[in-house]
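> Spelled out, the chains give:
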Amino acid sequence: MNANSKTGETIGVTVRLLANLNTYSPIGKECFKLTIARQETVADFLDRFNIPSVLKPIVVINGRPAKPMTRLSDGDSVLVYEPVTGG
Amino acid sequence: MHGWMGKVLRVDLTEGVLKEERLDPDVARKYLGGRGLGIYYLNKEVDPGCDPLGKENLMVMATGPLTGTKAPTGARYMVTTKSPLTGAITCSNSGGQFPAHLKRTGFDALLIFGAAKKPVYLFIDNETCELRSADHLWGKTTHETTAQLLSETHPKAKVACIGPAAEKGVLYATIMNDKDRAAGRSGVGTVMGAKRLKAIVVRGGQKPAIADADKFKDVQDRVMGQFRETHKDTPPPLRVNGTANTVAIAQAFGVLPTKNFQQGTFDKWENIQASTLRDTLVVGNKACYSCPIGCGRLTKVTQPEFAGEGEGPEYETIYSMGSNCAIDNLSAVTKANYICNELGLDTITMGSTVACAMELYERGYITRKEVGFPLKWGDGHALVKLTKMTGEMKGFGRDLALGSYRLAQKYGHPELAMVSKKQEFAGYDPRAEQGMGLAYATSPIGASHMRGDPAYFEILGIPTLLDPLEWKGRAKWVKVCQDLSAIIDASGICIFFTMRALVEQKMEMRPFGIRDYLEAVTGFDYTIEELAQVAERIINAERLFLVRAGLNRKSDTLPHRLTHEPIPDGPGKGYVCHLEEMLDEYYKEQQWTVNGVPSDKKLKQLGLT
Ligand code: SF4
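Going down the list, the sequences are from chains L and G. Heads up: the first sequence begins at 43 in my numbering, then just goes up one per residue. Heads up: the second sequence begins at 3 in my numbering, then just goes up one per residue.
Rather than coming from a laboratory, the hints here were simulated on the basis of the structure. Glycine residues also receive a C-beta, built at the ideal position from the N, C-alpha and C atoms. One or more hints might be untrue.
[What the hints assert, rightly or not] For lysine-lysine, the following DSSO-like pairs were computed, each having C-alpha atoms within a straight-line distance of at most 27 Å: (1) Lys75/L / Lys508/G; (2) Lys119/G / Lys21/G; (3) Lys32/G / Lys109/L; (4) Lys390/G / Lys378/G; (5) Lys604/G / Lys575/G; (6) Lys474/G / Lys109/L; (7) Lys575/G / Lys75/L; (8) Lys604/G / Lys590/G; (9) Lys32/G / Lys46/G; (10) Lys71/L / Lys302/G; (11) Lys21/G / Lys109/L; (12) Lys71/L / Lys181/G; (13) Lys71/L / Lys270/G; (14) Lys508/G / Lys71/L; (15) Lys261/G / Lys158/G; (16) Lys181/G / Lys217/G; (17) Lys21/G / Lys98/L; (18) Lys390/G / Lys98/L; (19) Lys109/L / Lys590/G; (20) Lys474/G / Lys46/G; (21) Lys390/G / Lys371/G; (22) Lys261/G / Lys46/G; (23) Lys9/G / Lys46/G; (24) Lys508/G / Lys98/L; (25) Lys261/G / Lys57/G; (26) Lys57/G / Lys72/G; (27) Lys412/G / Lys98/L.
[Said to hold, decoys possible] Quick look at which bits of chain L chain G covers, simulated, 3 or more residues with Cβ under 8 Å: (28) 51 to 63; (29) 78 to 88; (30) 101 to 115.
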């Protein structure tokens, strides 16, 4: 939550850019909070990080796979990662 | 032959006789190598009803046609035998340097029969093979054994050996190669211990012949070119984070097993995730033979009571010894991992058995009297102590050495053992990852993520991300995944590289890249259809072994907790695993009977009758 979210213009989300993707973190850290426009789509959200499309980033919101047109909500927890092997 | 060396070594430990045999090119074409050759020889030579720890059991160590070539990650071998933990077949995979050097001795596989009267080790120096006394090595750790063998054979030789856990009969002992790489699961080391074979030392100078060097170069340039292009700005995630990368993903999807699968999320997960490991314990990374990734973690623990240096932990260890025991101290988990490596214990079964004991303790079914001290969730000191006691078969460690199925049974609560076919799960709760439940239940070796891993498409995003809570139609993709793993395991390459770089990124996951390498290396004009047949041949041959050993649908199970008790947390909250529904679909996909037995038609089609 943030001040503006009460007015309905923006929302707050928690973002984690995993492993090599934290190179694209705006603050250089893997996990950070972000204020974004209400109704922002996953596609728009991803654009802001300039992650090369060759890395095919995956977006998971609150533990559920998200599609490019999925809209983010206030308080969402967003995990972004390159499709990855291992386990 | 090209790709294969064309020979296998038959080792009769009872008589102390070693004999070379020709590898039949037709068998090689039909089964490839590794896991394929393993089941071929097991079905041919072993009574599936045999005592896994008796002389009659056979242990096959086999490389694949791509092992030891320059194909990326051509580093793997498989150990196939009848498992003392599960009573089913097992095939366990390992990388490092040993497998490529085993192949360079000129043998594609070692067939190890019988049991020696006194401890021995097998030394293969190019084509000179001999059994030598291992009296002086018996009782030594895997690290001590490796160091001693390198000094008495050749400093550049490669060693695979067992530790004290295998000698003492812990049911889930490993075979460790290059010190810290493990053929880890289902007690392959226990079988080697029962044979009183302490180690195999190899030194080889022969390179596998490549059928078409120009074609090989073309494939290599294309595959490695794509790999370099993808990672030109950032390194591969596995190099950055190792397999611990999966902690954050499993937590997000609510599949991170916690407190013996009582929960799917761990509130202290950030203390055991990859970036914490990286920032606190990792001192470097390590690659297997011919691997462009290098996912191995070199670590150093400085916390005095857990101090040490070594390799690991991997994701599976972090789950089994961490979240599954509610332990958030990575130093304790890493120390327990080091002990497993040195004593030769499977970290997955070890951690999960401690988790099972912790739940038995929580519920009052075992007490301080049996354990010798309090056993509470989250106690890293207890984990380390119990791991050592198990490897040394001391005190309560003797009970833990049985694995969670027999432990829970012994104390009257088999329902608390989180196993399929008596083997502990990998780090994914199948209530929130449905396909994984089916894969656990139908894996020929008991619960495993390595004989077909739906986590790729259910949480990791390869080739794409499907809804992990959906079970309808899932059987088809689980079979696709299992077939693919059979090809990877039989070719001698690593699944981590292969899944993204050598497999089409569509749900059909056809292995075009593997096909290209196999054709260039072996000279056989493999098609995708022929490889699909090879995969089905391996999986049906394994299933036949199981059926003959008395296993069928009744053995393709999950514990009551996972099929009847809804998961209490995470995005899958309220779900159980819909195994029975998926099983019906799955047997149809396999063309097996409703009882899980391969149909005559299928067997005929695959040449298995
Ligand atoms: S990806 Fe990891 S396990 Fe696989 S071959 Fe490379 S270093 Fe070994």
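> With reference to the structure, classify each hint as holding or not holding.
Results for each hint:
1. Proximity of Lys75/L to Lys508/G is assessed by CA-CA distance (about 34 Å); at most 27 Å being required, the pair is judged violated.
2. With a C-alpha separation of about 19 Å, the suggested pairing of Lys119/G with Lys21/G holds against the 27 Å cut-off.
3. Of the supplied pair hints, the one linking Lys32/G and Lys109/L is violated, its CA atoms being roughly 42 Å apart against a limit of 27 Å.
4. With a C-alpha separation of about 17 Å, the suggested pairing of Lys390/G with Lys378/G holds against the 27 Å cut-off.
5. Taking the CA atoms of Lys604/G and Lys575/G, the gap is near 39 Å; set against the 27 Å cutoff, the hint is violated.
6. With a CA separation close to 21 Å, the supplied pair Lys474/G and Lys109/L stays within the 27 Å bound.
7. The straight-line distance between the Cα atoms of Lys575/G and Lys75/L is roughly 26 Å, inside the 27 Å bound, and the hint therefore holds.
8. Annotation: proposed proximity of Lys604/G to Lys590/G holds, straight-line Cα distance about 11 Å (limit 27 Å).
9. At most 27 Å may separate the alpha-carbon atoms for a hinted pair to count; Lys32/G and Lys46/G meet this at roughly 15 Å.
10. The suggested pairing of Lys71/L with Lys302/G holds, with an alpha-carbon distance near 24 Å, which does not exceed 27 Å.
11. Distance check on the hinted pair: Lys21/G and Lys109/L sit about 59 Å apart at the alpha-carbon level, beyond 27 Å; violated.
12. About 35 Å separates the Cα atoms of Lys71/L and Lys181/G, which puts this hinted pair outside 27 Å; it is violated.
13. For the suggested pair Lys71/L and Lys270/G, the alpha carbons sit about 19 Å apart, so the restraint of at most 27 Å is met.
14. Note on Lys508/G and Lys71/L: the hinted pairing is violated, with a Cα-Cα distance of about 33 Å set against a maximum of 27 Å.
15. Note on Lys261/G and Lys158/G: the hinted pairing is violated, with a Cα-Cα distance of about 44 Å set against a maximum of 27 Å.
16. Restraint check for Lys181/G and Lys217/G: not satisfied, since their Cα atoms lie roughly 36 Å apart, outside the 27 Å limit.
17. About 52 Å separates the Cα atoms of Lys21/G and Lys98/L, which puts this hinted pair outside 27 Å; it is violated.
18. Distance check on the hinted pair: Lys390/G and Lys98/L sit about 44 Å apart at the alpha-carbon level, beyond 27 Å; violated.
19. The straight-line distance between the Cα atoms of Lys109/L and Lys590/G is roughly 32 Å, outside the 27 Å bound, and the hint therefore fails.
20. Only pairs whose Cα atoms come within 27 Å are accepted, and Lys474/G paired with Lys46/G is rejected, the gap being roughly 38 Å.
21. Under the criterion of a C-alpha separation no larger than 27 Å, the hint pairing Lys390/G with Lys371/G is consistent with the structure, at around 19 Å.
22. For the hint linking Lys261/G to Lys46/G, the alpha-carbon distance of about 42 Å lies beyond 27 Å, and the restraint is violated.
23. About 17 Å separates the Cα atoms of Lys9/G and Lys46/G, which keeps this hinted pair within 27 Å; it holds.
24. For the hint pairing Lys508/G with Lys98/L, the CA-to-CA distance comes to about 14 Å; that is within 27 Å, so the pair holds.
25. Using a Cα cut-off of 27 Å, the hinted pair Lys261/G and Lys57/G is violated, with the two alpha carbons roughly 39 Å apart.
26. For the suggested pair Lys57/G and Lys72/G, the alpha carbons sit about 37 Å apart, so the restraint of at most 27 Å is broken.
27. For the proposed pair Lys412/G and Lys98/L, the alpha carbon gap of about 49 Å is over 27 Å, so the pair is violated.
28. Beta-carbon proximity to chain G at under 8 Å applies to 5 residues in the segment 51 to 63 of chain L; the threshold of 3 is reached and the given coverage holds.
29. Remark: the segment 78 to 88 of chain L is not confirmed as covered by chain G, as 0 of its residues place a Cβ nearer than 8 Å to a Cβ of that chain, below the required three.
30. With 5 residues bearing a CB less than 8 Å from a CB of chain G, the segment 101 to 115 of chain L meets the requirement of three and the coverage assertion stands.
Taken one by one, the earlier hints fail for this structure at numbers 1, 3, 5, 11, 12, 14, 15, 16, 17, 18, 19, 20, 22, 25, 26, 27 and 29, listed in ascending order.
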